[in-house]
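**Student:** Counting from 1, position 84 in the sequence shown corresponds to residue 76 in my numbering; the numbering is continuous, with no gaps.
If you're looking for bench data, these hints aren't it; they were derived computationally from the structure.
All C-beta atoms in this analysis are idealised placements derived from N, C-alpha and C, irrespective of residue type, glycine included.
Mixed in with the good hints, there may be bad ones.
The calculated label-pair distances, taken between Cβ atoms and stated as ranges, are [said to hold, decoys possible]:
1) 48 x 150: 35 to 43 Å
2) 111 x 157: 16 to 24 Å
3) 120 x 84: 16 to 24 Å
4) 203 x 42: 38 to 46 Å
5) 211 x 189: 18 to 26 Å
6) 161 x 213: 25 to 33 Å
7) 49 x 182: 34 to 42 Å
8) 217 x 106: 16 to 24 Å
Computed list of lysine-lysine pairs in DSS-like fashion (alpha-carbon distance at most 27 Å, straight line) [stated by the list, open to error]:
9) 141 x 154
10) 141 x 107
11) 154 x 214
12) 214 x 107
13) 107 x 154
14) 141 x 42
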Amino acid sequence: MVGQALSPANRFFSAPAPRVKMPLVSESPVCYSGIPPGGAVPHTIAALLKGLRSPSAGVKYGSAKSLRLLSEQSPARLYPHFDLFFGLFEGDNTILRWGSTRILGNLAAVDREGKLDAAFDRFFTPVLGREMIGAANVIAAAAQIALAKPQFADRISAEILKVERASYRTPECRNVAIGHALQSLDRFFPHVTQPGPVIEFVQRQLTNPRPATRRKAERFLKRWTACSARGPL
């Protein structure tokens, strides 16, 4: 990644979570074979949460990734710990911050208390921050939130569009983040009731200097223009 090299631990945790069926969380510790070297990660929720404080990087980041998998497959089991994850989201450990961002996005599906609604502005602050990876994780999680809470789709899309004004480490970092924005918007675009600003944003990316981002813009417009031609989204 241009302008922002990742350490091995960062690459491990920022990579997409593998699409595997996670063993059920039980009262007996078991080990997940997908963790990185450095220690066995137990699968009780309490033990995984404790693992986030482990001095062992393998246990800490393995626990974090297992919790992210669990948030995808059974978010209701982690929702009681929402405040803990939001604390990590605003914490100093970048890897735990990025992982908690994705977990919070997954918890939107079971956010019966409206905790994400109340923290909306704080959640989207990283989009205009100086850390591209943090912004990209928020942008990716935003699609999960919009799908779970479609009443916020327009507001969420407006926050994502701010990426075009962000000042990350390099202009290329911004172009990478814009690519993430295009992917996120593509996931929930049918829920956007005021699509004009989104379409204009995507059209501007047809001349983006990053080829991969240009291709994402082209695919977006091809897909949704075709859908519009067939009738209402």
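**Student:** Now tell me if each hint is right for this structure.
**Tutor:** Hint check:
1. 48 x 150: 35 to 43 Å: holds (41 Å)
2. 111 x 157: 16 to 24 Å: This hint holds: roughly 22 Å between Cβ atoms.
3. 120 x 84: 16 to 24 Å: holds (19 Å)
4. 203 x 42: 38 to 46 Å: holds (45 Å)
5. 211 x 189: 18 to 26 Å: Between residue 211 and residue 189, where Cβ atoms are some 19 Å apart, the hint holds.
6. 161 x 213: 25 to 33 Å: holds (29 Å)
7. 49 x 182: 34 to 42 Å: holds (41 Å)
8. 217 x 106: 16 to 24 Å: This hint is violated: roughly 35 Å between Cβ atoms.
9. 141 x 154: holds (20 Å)
10. 141 x 107: holds (12 Å)
11. 154 x 214: Holds - the C-alpha atoms of residue 214 and residue 154 are around 23 Å apart, at most 27 Å.
12. 214 x 107: violated (36 Å)
13. 107 x 154: holds (23 Å)
14. 141 x 42: violated (30 Å)
Against the hints set out earlier in the document, violations occur for numbers 8, 12, 14.
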